[in-house]
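Undergrad: Sequence:
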Amino acid sequence: LPKIPSLPPLRKGPLGNGNMKVVKHPLGQLVRLNPNRQSPDVSWQAYSLPIDQPGRPHVLEVDYPSDVAQTLGISILEPNAAGALMPVGLDSGVDRAEEVAGGDGPPRWVRHRLIFWPRTNTPMVLITNRRDDSPAVYGKIRVLAGWVHLPRAFPAGDDRLGDNRLGDNRLGDNRLGDNRLGDNRP
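Take 1 as the starting number for the sequence shown in UniProt numbering and just add one per residue.
What the hints contain is simulated information worked out from the structure, not anything from laboratory work. Everything numeric in this text was worked out from a predicted model, so none of it was measured. Mixed in with the good hints, there may be bad ones.
[Stated by the list, open to error] When the alpha-carbon atoms are kept at most 25 Å apart in a straight line, the in silico DMTMM-like pairs for lysine to aspartate or glutamate are as follows:
| # | residue 1 | residue 2 |
| --- | --- | --- |
| 1 | K24 | E78 |
| 2 | K140 | D67 |
| 3 | K24 | D52 |
| 4 | K21 | E98 |
| 5 | K140 | D63 |
| 6 | K21 | E61 |
| 7 | K140 | E78 |
| 8 | K24 | D67 |
| 9 | K21 | D132 |
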C-alpha cells in the first residue's frame, strides 16, 4: 500500500500575511503591522474569537497606544455554511491623526469597542493597517459577553442626550416641534 503523508498539525494562534512583528513600547509589547507600501498586500492579522453563546451581544475590545498616529481597520468575519470566512458587514476602526497622537503627556492605552452579535461559535477579528506610509500597532484584544441584553449606555435620568431625548425613549428633532422622525409604531 502507498504511504499517505501525514497532515500538518492544525495551526494555533493568529493568522496573517507575514507583515507583523511584536515590538516594545513604553506601555508594553505591541503588535506592529508594517506599512502597506512595503508589501504588495495590505498588512493584516486575524484572530479567532472564543464565543460560547452565539446570538447574544458581545463586545470586542482592542487596546492601542495614544501616542501613535495610525489607521487601524477592524472587521468581524464568520464562516458561511461551506466553512469559508465571509465578512458580516461589520467594519470599524481607529484613525489617529499625527496632531492627536503627538499630544501632551505620557502615552496611555486607548480602547476601541465594537458591539456584535455572532451567529457562530467561530468568528474571527481581522485587523488591518490602512496606511501605506506608516505602521499600525495594537495591544490586547478581548471579547466581553454574558448579557442577554446590552447594559444601558447611560444611567436612567442621565441627560447626556440633551433636549433631543423624548420621554418615551424616541429621538426627535425639537426644531420641528414634534417627533416626525422615525416613529414607525402603530
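Undergrad: The structure should be examined with respect to each hint, and the outcome stated for every one.
TA: Status of the hints after comparison with the structure:
1. About 32 Å separates the Cα atoms of K24 and E78, which puts this hinted pair outside 25 Å; it is violated.
2. Taking the CA atoms of K140 and D67, the gap is near 16 Å; set against the 25 Å cutoff, the hint holds.
3. Our distance criterion of 25 Å between C-alpha atoms is broken by K24 and D52, whose separation comes to about 33 Å.
4. Of the pairs offered as hints, the one joining K21 and E98 holds, with about 22 Å between alpha carbons and a cut-off of 25 Å not exceeded.
5. Simply put, K140 and D63 have alpha-carbon atoms about 5 Å apart, close enough for the 25 Å limit, and the pair holds.
6. Between the alpha carbons of K21 and E61 the distance comes to roughly 20 Å, so the proposed pair stays at or under 25 Å and holds.
7. Restraint check for K140 and E78: satisfied, since their Cα atoms lie roughly 21 Å apart, inside the 25 Å limit.
8. For the hint pairing K24 with D67, the CA-to-CA distance comes to about 14 Å; that is within 25 Å, so the pair holds.
9. For the suggested pair K21 and D132, the alpha carbons sit about 17 Å apart, so the restraint of at most 25 Å is met.
Against the hints set out earlier in the document, violations occur for numbers 1 and 3.
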